[in-house]
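Knowing the structure of chain A, use the given hints to seat chain B with the ligand on it.
For the record, the sequence lines run as chains A and B.
My numbering numbers the first residue of the first sequence as 1 and each following residue consecutively.
My numbering numbers the first residue of the second sequence as 1001 and each following residue consecutively.
Note that these hints are calculated values from the structure, not bench results.
Keep in mind it's a predicted model, so treat the numbers as computed, not measured.
Treat the hints with care, as some may be off.
[Stated by the list, open to error] Here chain B is said to cover these stretches of chain A; the calculated rule only asks that three of the stretch's residues, wherever they fall, bring their Cβ under 8 Å from a Cβ of chain B:
1) 206-216
2) 359-369
[To be verified] Here are the simulated BS3-like cross-link-like pairs (lysine-lysine), alpha carbons at most 27 Å apart as the crow flies:
3) A:Lys311 to B:Lys1014
4) B:Lys1014 to A:Lys328
5) B:Lys1007 to B:Lys1106
6) B:Lys1005 to A:Lys305
7) A:Lys311 to B:Lys1007
8) A:Lys305 to B:Lys1080
9) A:Lys311 to B:Lys1005
[Said to hold, decoys possible] Chain B residues, not near chain A, derived (Cβ > 10 Å throughout):
10) Leu1020
11) Asp1022
12) Arg1030
13) Leu1035
14) Thr1038
15) Thr1104
16) Asn1113
17) Asp1136
18) Lys1189
19) Ser1219
20) His1236
No residue lacks a Cβ here, since even glycine has one placed at the ideal position from N, Cα and C.
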Amino acid sequence: MNYYITDNTSTQSIALKDIPEVEYAALYEDLSERLKQEQYHIAHYFARPEQSRLMFYLILLDDEKHQIMVARFAMEYYDDIALPSLTALHPAVHPFEREIAELYNVEFGAMPWKKPLRFDENRRCRTSTIDTYPFYSIEGDSLHEVNVGPIHAGIIEPGAFRFTCNGENVLHLEIALGYQHRGVEDEFVATDNRLRQTLLSESIAGDSAIAHSSAFAMAVERLSNNKTSQRLQAERTIALELERMAMHIADTGALSMDVGYQLGQVACEALRTVTINTTQAWCGNRFGKGLIRPAGSNKPLTSEKIEMIRKNVEEVGRRYAEVSDDIKSSPTLLSRFEQCGIVPRTEMHRIGGVGMAARASGLGRDLRTSHPFAAYSTKLNHESITQHDGDVMARLMMRCQEVSQSVEYIKQLLATIDTTEAVPAPNYEQTLAPEHFAFGLVEGWRGEICHIAITNEEGKIDTYKVKEPSLHNWLALALAVRGEGISDFPICNKSFNLSYCGHDL
Amino acid sequence: MIFSKIKVLRSHGKQYIPDLNDVTLTEEFRGRPVLTPTDDMSDVEAAATLCPTQALSVAPFTLDLGRCLFCGECALRAPKNIRFTNDYKLGSTSREALVVTPQTEKIEFHPENIRPEIPQLFSHALKLRQVSAGGDASVEMELNATGNVNFDFGRYGVEFTASPRHSDGVVITGPISKNMAEPLDICYKAIPDPKIVIVCGSEACSGGLFSESKAVDRSFIENNRVDLWLPGAPTHPMTFIDGVMNITGKKQR
Ligand code: SF4
Chain A
1 MNYYITDNTS
11 TQSIALKDIP
21 EVEYAALYED
31 LSERLKQEQY
41 HIAHYFARPE
51 QSRLMFYLIL
61 LDDEKHQIMV
71 ARFAMEYYDD
81 IALPSLTALH
91 PAVHPFEREI
101 AELYNVEFGA
111 MPWKKPLRFD
121 ENRRCRTSTI
131 DTYPFYSIEG
141 DSLHEVNVGP
151 IHAGIIEPGA
161 FRFTCNGENV
171 LHLEIALGYQ
181 HRGVEDEFVA
191 TDNRLRQTLL
201 SESIAGDSAI
211 AHSSAFAMAV
221 ERLSNNKTSQ
231 RLQAERTIAL
241 ELERMAMHIA
251 DTGALSMDVG
261 YQLGQVACEA
271 LRTVTINTTQ
281 AWCGNRFGKG
291 LIRPAGSNKP
301 LTSEKIEMIR
311 KNVEEVGRRY
321 AEVSDDIKSS
331 PTLLSRFEQC
341 GIVPRTEMHR
351 IGGVGMAARA
361 SGLGRDLRTS
371 HPFAAYSTKL
381 NHESITQHDG
391 DVMARLMMRC
401 QEVSQSVEYI
411 KQLLATIDTT
421 EAVPAPNYEQ
431 TLAPEHFAFG
441 LVEGWRGEIC
451 HIAITNEEGK
461 IDTYKVKEPS
471 LHNWLALALA
481 VRGEGISDFP
491 ICNKSFNLSY
501 CGHDL
Chain B
1001 MIFSKIKVLR
1011 SHGKQYIPDL
1021 NDVTLTEEFR
1031 GRPVLTPTDD
1041 MSDVEAAATL
1051 CPTQALSVAP
1061 FTLDLGRCLF
1071 CGECALRAPK
1081 NIRFTNDYKL
1091 GSTSREALVV
1101 TPQTEKIEFH
1111 PENIRPEIPQ
1121 LFSHALKLRQ
1131 VSAGGDASVE
1141 MELNATGNVN
1151 FDFGRYGVEF
1161 TASPRHSDGV
1171 VITGPISKNM
1181 AEPLDICYKA
1191 IPDPKIVIVC
1201 GSEACSGGLF
1211 SESKAVDRSF
1221 IENNRVDLWL
1231 PGAPTHPMTF
1241 IDGVMNITGK
1251 KQR
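Only chain A is shown next, with the shape it has when bound in the complex (with noise of 0.2 Å):
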């Protein structure tokens, strides 16, 4: 099948008409057999009206050619044909599936779950509100169920979890998503205030503030031409680099919690102060709002904000792995940790799983590695991490060695920054490529974000989609908790740690 080639160094936005049209059978036959093998996924795939047509988009991603294959197909908007489901024959589609099912009443033929994905306010099926959302259930004398939510117990986002289980035991777990649903796409197009979406982007998940901000500038410098400089690219590496410290940190210290390991979790509540606190003398926002915007900074760095950021991080990766070496050394933990809440590396590929839960399984999705962008395809030579088990222990393992390879990038990288190289201002004002195409893959500490920003004829963003690694990774979490003692849920939970708004959007 015909697709558009690129790659993620590329400075370059992509003509729409440059987009091969296909027909869905030949997509449909493409995938079928692409997707079978690890060496490709899918980054997304979306649907938006074109005239009278819906139009549908797909990137795939090609891990080992380190390519981004771009296609399309067209449906005649009041077709009432059903489109043969990919979701049947690879799960990892299902997300994607529910959305365009959601918003566009698209039917897709023999699909499994066939349930709305976040009750968008959008949805064409006015028919389900979120409190009827339809859950499965097992009949069965010794079977109960448990729900959860949508408002959880600590100060924690909300969603909707209903457990089906035999005893102790979970046999099911079912995650109702959509209560944070703000419009965060729509609002995108609604404005042309390049400052507001920029502002978007940090608020699409605030704990991934930096990466989701780094994927709206590289689509928006795409879509203006603009070659940012090997300076800037590397500060934004380093702030990607400090949010995947502070979040991995975070997360050691709330699986400590959750076991009862206080020494761990305050030892990791200190250590993430230091690292927010870090970015926040650099930018003055503890999650680095306001340090990424399009082709240029506000907060080029200094010399003495290098010193000052080396000394810290520094600091944080030494005593971080003391704890790490208490966690490995303390059988009590190790009993929580180890073979709990296992998802197999097949499984994890099945459904499309990707970032650390996925290196956790040891399936090696890393955009770092395989679409290397910014500072990872030229300073940085990064190997990705990965471990075997696919267990709590094994993604609190991703974190300690993720943590203190950041730590090493960082240093690494701080030391190429020559402060006497002007670092241009944020543009806001720049002009956009009229019906082009473009996107921003960026790998965040959760995993995959992929944002993609097409415009109309007059140069003004008329689609703006979103997608958050946790769109697929939630699916990874309710397999994980299955013949887990409904006891071992918040640690499961705690060890994906997944984003709620950034899935609802």
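This is chain B with the ligand only, laid out in the frame that chain A set:
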């Protein structure tokens, strides 16, 4: 095993902030802005056009912290007129007090608005239920941080509970998504009287970037009395701590 623990402990040392009334944030932190009018207000005009949430107005020259996301962009456009200080004491009992004017030297707390039962009942212990309604997880993480080893707000008896039945009030984050409007209402009704309402974060105060979104439902804020408004994107733990200490009569700004 024991040695690795001793190592962690030794490196950890003492982490808590000894006096929560004596905290200075980094100079980079963007807190209360200071506005200075000049004859030529064209820079402010440019900044107001750019402001992503229409928090900034030229005539009269005001900056509404309830809408502001503290991106700092206006101060870069109009450095003569707008400057952000690291003053984190941004909370108030009055929504109007969040509107900064050139005369503002501090955000007025307006203690006269505090219902008498609040300091009477909650000055020693205040248990809160948090509801995120479209919050982006950053405000939520900052609220978690108020109880962590650094801030340890629990030492003042302020903690978050797992159930609304055990709580004295609700802390709302996020612009209030439509899909959360009902659960929020149910949660609020489940809290025994008297109860307090705290809205945390500029998104919760005004809807922020989502104030016009069809997917947001602000009726809770219109229908209920808000006791404490806390701006921020996200609200810094110290802003929360300062606001709650003031409303419970533990200190006076
Ligand atoms: S700092 Fe606040 S007032 Fe200034 S531009 Fe940003 S949102 Fe607007």
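Given as non-interface: Thr1038 of chain B, which should sit over 10 Å from chain A by C-beta: The claim holds: Thr1038 of chain B sits with its nearest Cβ about 22 Å from chain A, beyond 10 Å.
Chain B over the region 359-369 of chain A, status - at least 3 residues with CB closer than 8 Å: violated (count 0)
Satisfaction of hint between Lys1106 of chain B and Lys1007 of chain B, Cα-Cα up to 27 Å: Violated, at about 44 Å.
27 Å limit on alpha-carbon distance, applied to hinted pair Lys311 of chain A and Lys1007 of chain B: 20 Å, holds
Given pair status - Lys1014 of chain B, Lys311 of chain A, alpha carbons within 27 Å: 19 Å, holds
Whether Lys1189 of chain B stays farther than 10 Å from all C-beta atoms of chain A, as the label says: 13 Å, holds
Given hint Lys1005 of chain B paired with Lys311 of chain A - CA-CA distance at most 27 Å: Distance of about 24 Å is within 27 Å: holds.
Status of the stated non-contact between Ser1219 of chain B and chain A (beta carbon gap over 10 Å): It holds; Ser1219 of chain B is separated from chain A by about 16 Å at its closest Cβ, greater than 10 Å.
Satisfaction of hint between Lys305 of chain A and Lys1005 of chain B, Cα-Cα up to 27 Å: Violated. Lys1005 of chain B to Lys305 of chain A sits at ~32 Å, over the 27 Å cutoff.
Non-interface claim for Asn1113 of chain B, where every Cβ of chain A lies beyond 10 Å: 26 Å, holds
Hinted pair Lys1014 of chain B and Lys328 of chain A, Cα distance within 27 Å: Given that 27 Å is the threshold and the Cα spacing comes to 24 Å, the pair holds.
Whether Asp1022 of chain B stays farther than 10 Å from all C-beta atoms of chain A, as the label says: 17 Å, holds
Checked against the numbered hints above, the structure violates hints 2, 5, 6, 12, 17 and 20; every other hint is satisfied.
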